[in-house]
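Using the working numbering, read the sequence shown as starting at 3 and increasing by one per residue.
Don't take each hint at face value.
[As the list claims (entries may be wrong)] SDA-like cross-link-like pairs, simulated, lysine to any residue; straight-line CA separation at most 25 Å:
1. Lys297 <-> Val88
2. Lys476 <-> Glu258
3. Lys297 <-> Asp141
4. Lys98 <-> Glu148
5. Lys44 <-> Met28
6. Lys315 <-> Lys421
7. Lys188 <-> Val479
8. Lys175 <-> Ser460
9. Lys207 <-> Ala16
10. Lys44 <-> Asn383
11. Lys98 <-> Ser64
12. Lys316 <-> Asp244
13. Lys44 <-> Lys108
14. Lys297 <-> Leu95
15. Lys474 <-> Ala231
16. Lys297 <-> Asn78
17. Lys316 <-> Glu251
18. Lys476 <-> Tyr199
19. Lys363 <-> Asn348
20. Lys108 <-> Gly390
21. Lys474 <-> Val190
22. Lys114 <-> Val88
23. Lys255 <-> Gly193
24. Lys451 <-> Pro422
25. Lys255 <-> Val190
26. Lys236 <-> Leu262
27. Lys59 <-> Pro401
28. Lys108 <-> Gly83
29. Lys44 <-> Ala16
What the hints contain is simulated information worked out from the structure, not anything from laboratory work.
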Amino acid sequence: RPSYFSPYGTNPKAYIGRTEDVLRRMREDGYITKEQEEKAKKELPKVKFLARSHSIKAPHFSFYVKEKLVEQFGENMVERGGLQVVTTLDYELQEKAEGIVKEEVKNVKSLKVGNGAAVVLDPENGEIISMVGSRNFFDIEDDDFEGQFNVITQGLRQPGSSIKPVTYAASLKSGYTAASLIMDTKTVFPGGDGKDYIPGNYDGKYHGPVQARFALGSSLNIPAVKMLAQTGIKNMLSQAYDMGISTFEPTSKNMERFGLAITLGGGEVLPIELASAYSAFANGGNKVEPVSILKVTDRSGKVLYEKKEKTSKKQVMDPGIAFIVSHMLLDNNARLITFGANSYLNTGRAIAVKTGTTDDKRDNWAIGWAPNILVMAWVGNNDNSSMGNVASGVTGATPIWRKIILESLKERPLESFDKPDNVVAVNIDSFAGGLPVDGKSTRSEYFLKGTEPQSISSVYVNWDNKYFIQLKEKDPVSADGINRWQQGIDEWIEQFHKDDPFYHPPGDATKKDEKKEENKEDEPSPTPSLTPEPSPTP
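All chains should be modelled from the sequences, with the hints used to inform the complete structure.
Okay, structure coming up:
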């Protein structure tokens, strides 16, 4: 359609290809020479168009709405039909969000951050409350910056660790729990191409045994990869695809292409799809499609379209799973390992939030939600170049996310997460996640009914009425029989607990324990609570 090639729309460089076609035809028809054609083609990217004679309010959102209208009614009707359109936009919040994105990107310019974007959704009905597609739609002076390009709806970007909640949702569906113990130790994952994959953590440290709640809350990489290895790449991709992330279709090609690195953000996503997918966590496992238009009338007042009062929903995950994942991510105690107690993620409100930064520093994210609000923020560069040392939870996307979500809550009450009937709170051992052990600290944890612990954790070995710790994991991805997961555990114990008798049960106790476990079904291996105080309950 003609409007697609407008330099004032959301495809500001689309004119280049069409102009090259025109130049080629002019040469073929004898109007210009080959040399003239090549000279003109070289100048095309440098063409500067006059600024519009009038500014557009909420430009990225406005053009997004226009594209939706063209899809539904055709370009002729949209351009000449005198349509009156009522949208979902909260313009007061939109103005503030645009200012926040522009200011925060400016604040980190020294870190080679050139662009930022944000979107605000109502998870209950999918309505787009605000959309900022770049730091400045009207910036035409910077040749390397395409402000009209809408990152939210057009840019395929790598999600980094912001995709981890999907992995943990799939793991809960497979029978794991927020208390499953995972060993955060150096681990070698053999690659199919002969190259070993050895993930590290953001802080460069290994934290030993960690329960899933704290592994996700603190965004530890090694536990996430191990959880994916045990849950299965196909199950994780299926969960993501069901939630509406179209690029994660669980095909054999995708499973081979992504591998275990998918849980650290190795694939690409469309930001609007990621935001919409995460609305399921906020909405009891229900996915709703993004909505931007409420009502359309023609010039005579005839109603051509009106959004149904009841929003169409699709159940894409168990309500209990949505609740538990959200609670893991609103728990400030669970973030302490990586982010400390007073990061920008701690709003003092019951808001779940996940950050993400790609290894190459090309994308930095923050996505946070409550039942009635979801805000996603991104920073990076349109040319996909790397940023400087953008720190998750400190600089980049997180300040944008924090300011916008707190601004949005000034005009709407914060709704709390309601515990579904299939979720129970159980008092567990703080270290290993099983039932309480005499004399050891405890904490409360949420479980899907039927997955709560029935005994003390198998990591405890009792010898002469004294408990020792025996840390073991099986390597589910080993093709040569070598248990690389256990090798990493043994190295960690040797380095940090070599002289600690607590980690070295007597030989007879170990043999006794191994015999007892022979007929037991395998359970996820995994980790102790490193939190200094009980996790909050809503």
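For the pair supplied as a hint, Lys98 and Ser64, confirm whether the alpha-carbon distance does not exceed 25 Å. 16 Å, holds
Going straight from one Cα to the other, do Lys255 and Val190 come out at no more than 25 Å? With a Cα-Cα distance of about 24 Å, the restraint between Lys255 and Val190 holds, given a limit of 25 Å.
Take the C-alpha atoms of Lys363 and Asn348, compute the straight-line distance between them, and say whether it is at most 25 Å. 23 Å, holds
Taking only the CA atoms, is the gap from Lys108 to Gly390 under or equal to 25 Å? Holds: Lys108 and Gly390 sit about 14 Å apart, inside 25 Å.
Is Lys451 close enough to Pro422, meaning Cα to Cα at most 25 Å? 10 Å, holds
Keeping to a limit of 25 Å between CA atoms, is the pair of Lys297 and Val88 held or broken? 5 Å, holds
Does Asn383 sit within 25 Å of Lys44, going by the straight-line distance between their CA atoms? 24 Å, holds
Holds or violated: Lys175 with Ser460, Cα cutoff 25 Å? The given pair, whose Cα atoms are some 22 Å apart, holds under the 25 Å limit.
Decide if the proposed pair is consistent with the structure: Lys476 and Glu258, CA atoms, cutoff 25 Å inclusive. 23 Å, holds
Sort out whether Ala16 lies within 25 Å of Lys44, counting only the CA atoms. Measuring from Cα to Cα gives roughly 15 Å; hence the hint holds.
So if I understand the rule, the pair passes when the alpha-carbon distance is 25 Å or less; does Lys59 with Pro401 pass? 24 Å, holds
Hinted pair Lys297 and Leu95, Cα distance within 25 Å: 21 Å, holds
The earlier numbered hints that this structure contradicts are 3, 9, 13, 22, 28.
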